[in-house]
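Whenever a hint applies, use it, and build me the whole structure from the sequences.
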Amino acid sequence: MQAYKLARRQAEVSNNSAEVIRAYDKVINFCSRTTHCQYDRSIKRDKLLYWSYKNVAEAYLAEKSFDSARLYLDKAVRFARSEDENAAILKIAARLYESSGKSEDALRTQMKLAALQPDAEKYN
Numbered sequence: 174m175q176a177y178k179l180a181r182r183q184a185e186v187s188n189n190s191a192e193v194i195r196a197y198d199k200v201i202n203f204c205s206r207t208t209h210c211q212y213d214r215s216i217k218r219d220k221l222l223y224w225s226y227k228n229v230a231e232a233y234l235a236e237k238s239f240d241s242a243r244l245y246l247d248k249a250v251r252f253a254r255s256e257d258e259n260a261a262i263l264k265i266a267a268r269l270y271e272s273s274g275k276s277e278d279a280l281r282t283q284m285k286l287a288a289l290q291p292d293a294e295k296y297n
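Under this note's numbering, the first residue of the sequence shown is numbered 174, with each subsequent residue one higher.
Because the hints were derived from the structure by calculation, they are not lab data. Source: prediction; values computed, not measured. Be a bit skeptical, because a hint or two may be false.
Stated by the list, open to error - With a straight-line cut-off of 35 Å between C-alpha atoms, the simulated DSBU-like cross-links for lysine-lysine are:
(1) Lys237 x Lys217
(2) Lys285 x Lys199
(3) Lys217 x Lys248
(4) Lys264 x Lys237
(5) Lys248 x Lys275
(6) Lys199 x Lys275
(7) Lys199 x Lys248
Have a look at this one:
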């Protein structure tokens, strides 16, 4: 938890996508190197990794590093535990596809989002 708080603080003071990526990658790397975190299957651990992977994906998307953004989104999905978290990933994926010129994939993703949240605003 402490590693995530430090990463979030570091990311908040930076307007630089590379700094945001480095900050949240520290959390991801910490968990991959720490036995306790690797084998912890708690909601808190999954939530921290979900946020970290999602934040890195968004930073890569801002940098137009589409392959890296997709890689981190794919990892964020593994730690999503709710429909809201899945919807957030779908929104980022739709932006990713749109930005990378894959309009058919963007449309399919928006349709999945609409099915997941039929009453919610679909375009944020």
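Q) Which earlier hints can't be squared with this structure? A) Violated hints: none at all, because every hint is consistent with the structure.
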